[in-house]
Amino acid sequence: MKRIIYIIFTLLLLNVGLFAKGQTEESDYKEVAGKENWEYEVPIEEMEPGQYNLLIRAKDKANNEFY
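Per this note's numbering, the sequence shown runs over residues 1 to 67.
List time: in silico DSS-like cross-link candidates among lysine-lysine, alpha-carbon distance up to 30 angstroms:
hint : residue 1 : residue 2
1    : Lys-59    : Lys-35
2    : Lys-30    : Lys-59
3    : Lys-61    : Lys-35
4    : Lys-30    : Lys-61
By construction, these hints were calculated from the structure, which means they are not laboratory data.
Kindly generate the complete structure, drawing on both the sequences and the hints.
Okay, structure coming up:
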């Protein structure tokens, strides 16, 4: 029984570790100019073919973050 609990606990920690490893570094965020409308082109020529997720983060005047 202890062995099963140990295996489950290890698998949970492994999943959390792998999930956290995929987080975006602060340096990967790009600032855009403009208050209402803005554009940013993602350079996809350098990326491998595949599926990607884009995370858009915004801050208001009170420095609240929105995703």
